[in-house]
Amino acid sequence: MMADEKQGVFDTSRAELLVKELREQFDSGKTKSYAWRVSQLKAILKMVDEREDEIVEALRKDLSKPKAEASMNEIYLLKSSCQCALKGLKKWMKPKRVIPSILALPSSSEIVSEPLGVVLVISAWNYPFLLSIDPVIGAIAAGNAVVLKPSEVAPVSSKLLADLLPQYVDNSAIGVVEGGKHETTVLLEQKWDKIFYTGNSRIGRIVMSAAAKHLTPVALELGGKCPAVVDSNVDLQVAARRIVAGKWACNNGQTCVDVDYVITTKNFAPKLIDALRVQLERFFGEDPLNSKDMSRIINLNHFTRLKKLLHEEGVSSKIVLGGHADEEQLKMAPTILLDPPEDSLVMKEEIFGPLLPIVTVDTVDDSFGLILSKPKPLAAYLFTNDKKLKKKFVDTISAGGVAINDTLLHLTVSGLPFGGVGESGIGAYHGKFSFDAFSHKKAVLYRCFFADIPIRYPPYSARKLSMFNAVTSLNLIGLIQAAIPCFKA
Amino acid sequence: MHSNPSSMEQTAIAELNSTFISGATRTFQWRETQLKSLLRLLTEKEADCFHALYQDLGKSKLEAFKDEVGPLKKSIDYTLTHLKGWMSPKKAGINLLFFPAKGKTMPEPYGVVLVIAAWNLPLNLALEPLIGAIAAGNVVVLKPSELAPATSSLLAELIPQYLDIKAIKIVEGGVDVSQQLLQRKWDKIFYTGSARVGKIILAEAAKHLTPVALELGGKSPAIFDFQSLSSNVEVAVKRVASGKWGTLVGQACLAIDYLLVEEKFASALIDMLTKTIKKFYGESLNKFSRVASKRQLDRLQKLLKDPAVADNIVYGGSVDKDALILEPTILLNPPLDADVMTEEIFGPILPIITLNNISESIGFINSRPKPLVIYGFTNNKTLKRSILNGTSSGGVLFNDVLLHFLCDELPFGGVGSSGMGRYHGKYSFDTFSHEKAVLDAGYLVELEARYPPWNSFKMAFVRTAYKLDYIGLLLLLIGLKRYPKVHKD
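Top to bottom, those sequences are chains C and G. Going by my numbering, the first residue of the first sequence is number 1, and it counts up by one from there. Going by my numbering, the first residue of the second sequence is number 1001, and it counts up by one from there.
Treat the hints with care, since some could be wrong.
20 Å max Cα-Cα, derived PhoX-like pairs, lysine-lysine [what the hints assert, rightly or not]: (1) K374/C to K1185/G; (2) K292/C to K1090/G; (3) K1467/G to K42/C; (4) K1104/G to K432/C; (5) K1091/G to K387/C; (6) K432/C to K1102/G; (7) K432/C to K91/C; (8) K392/C to K1090/G.
Derived from the structure by calculation, the hints contain no laboratory data. Predicted, not measured: the structure shown is a model, and the values here were computed from it.
Use the sequences and the hints to build the structure in full.
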């Protein structure tokens, strides 16, 4: 079942067998027990802890990810996630008592969380460990059996996951299938109880279409063009630092929630560009292409794509900073563009790289129309000290999440749901939201036989109708008036 | 607004779009006004509603009130009571580490939503989702079922009289109109109906990454633990009878589809059931509600005409073709592969399947698609626990039928092939809302350690921070904590 390419092609019959085996494991009830879930979560924690160096090395090989980024953005976040689940699990698993409706009295009601069954997690390449294991943590916490398909675009990480997971977790209920388009297609043909996909909206559509055939619910963590609006009423150096961190210190812009483009006023733009320049130099030195703290572009495909964005007609003349690249090392320097043409690719597509367009407007209020004219992003950022502007932004801009005066931080708060809306995705996770994403909330009503009311049964009469009316509108007097003759029936 | 031409539809959608963008539907006042107007509609035009339901389905006034108008009024009252609270942001817990950041989640409307209703509760299944969509601040297109034409016309006539026509539109028509509507991009689709059509809708929604709620059906079983019921068995039988034939003679997603009982009690149960039917409805056919249409009657008759099934009729089977009435019919142990045991019955036929031991009902149900509801008639705590933890369904009711439909505090929805998503009460509001995460960071505390260039100190800081080891952090900051030189400084 694991590292299937060792045993030959992963075809439909192998996929069917895999799902069948997992379903048997799930049906046995094993994954539902608190003890099993805890043991698996602890095993994952142990794995991430003990094998930290190998994971960091795999990320270095796949993405030239600096050790600090690998640790901060993948390893530590995963450990936090495991610890959060371990801490909260007992409480999350408990049925939630709810107030019974007066109409159903005497009764008691509760909502029971149950696992969906056998779920599929398809991960992305930019945070290959985080985006693989974090959803798996949720799936396990909720009591499901799970298959993980890591991204083939980060092959060293994929292989490491396929090697490591079986050494730590229960193989009979948690599996890894490596591979590319063929393996993913074959997996998507199967009937899953939920599919959790992280990636781009084009594949998101394919995943949802495949899921539709089996009425499988999906969670899609997609991306989009996340804007950062920068007001002049702001602590400029800190804002610049946080924007730089939220763009180039996170996988060099290859992050679903990184700042895709900035909007600021024409007057403020020069100051902002200067501040960004200062912070960039502070972070990455004078020669960012050779900075050890800068990730490379994942592969030639994406490198070529980014070059194309930069060299489109009318765009390269807008470079105000950077623009250098080293194709051999797949490194691209932080690049700032000032007002590239609105219809250029760099302004239409999600950049997912180290290019930062700055779009200038007359007043900061003009930024709203611009953002609203584009598909809803995964995140939207605003830098300002103006309370009214903050409120307007939060009330008006629809996005997966909004952060004021910082970037990306909201991802690390387990109390906040992380997910998109519209083109940026469906569903959310992190913290308890992960548990919920992989659970079915079953409504349960307990009734007894005491006080059986005759009016609910046929044969019906006008009097019974009045009583119903009275009960539904909680009209006590009407109820009594109608009830007394009725009890003779 | 009647079906086609599509240019009329385009104008209407454009109007809805601009109404939403104007922000008019987002105020509490607008939502409250609409809901109060809807309540007035149901009160002032109650007689018209009853008349339409009678024309479409032969529904008696009591059934029309009990199953459609009554629950709607209750839902509106409940929504009006709680709406302000639902609309307000919810604080999220933020770690001390991020001080002084503040986090919250804020519900926001999706935008332009599509509601497609079913024919069996044509008023309720159209307006109940509409209540949620309005409460959440969306603009709506509602397509009532063409198979209940009187109700559809009534809605098309009344909704514009009572509600804001710039924000809520009715589109009448059949399959072709639905198909046309589905070509558009919606911000959410809410569908009630069959699994077959549910798949089509999900596939269309996938093209636009539109989130979907599907309220489907399935074969909802009743587990009848005769032995444990002892003196309650008579009331239990009455409830089974009303759960099968009490709502439009079984034409309801929540109706008991089939029943499981131990072999030794089967004849006693059948005896009691037949006595109850006669008590409820008398001996002649005309006291029963009719089947919705000739097409439905033909379908039901076909289920019975299967020779292997016809032999198993132990009660009923008579038909009045002109009046579209099929009398309550009980089957004993029809073949499990007959259509009547593989398709959702949606009619007055009740198959009874006997088992050696009632505990076998768990395995029986689990070998079939997950139903919308499981009814457990038992006083045995162990069996209750087995049903609750050993099966999966949208909901579970013990010792009664249908009531959870009325409970505002319980989520109403399916799982697996019985559906995805849920509504009623606050769940209606949630199903039409996007829960946006909002983080408001501050400039007060600026943590240098989050930024490159990386060094060992920063690594140690971040590692300690993720563990939420505040004392460790303090010691680190004042130089009293040692840290490994792990980074190539």
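Here is how each hint holds up against the structure:
1. For the given pair, K374/C sits about 15 Å from K1185/G by alpha-carbon distance, which is consistent with the 20 Å threshold.
2. Restraint check for K292/C and K1090/G: not satisfied, since their Cα atoms lie roughly 42 Å apart, outside the 20 Å limit.
3. Pair hint K1467/G plus K42/C holds up; C-alpha atoms about 16 Å apart against a cutoff of 20 Å.
4. Taking the CA atoms of K1104/G and K432/C, the gap is near 15 Å; set against the 20 Å cutoff, the hint holds.
5. A hinted pair counts as satisfied when its Cα atoms are at most 20 Å apart, and K1091/G with K387/C qualifies at roughly 18 Å.
6. With a CA separation close to 19 Å, the supplied pair K432/C and K1102/G stays within the 20 Å bound.
7. For a cut-off of 20 Å, the pair hint linking K432/C to K91/C stands: about 10 Å separates their Cα positions.
8. A threshold of 20 Å between alpha carbons decides the hint, and for K392/C with K1090/G the separation of about 18 Å falls inside it, so the pair holds.
When the structure is compared with the earlier hints, a violation turns up for hint 2 alone.
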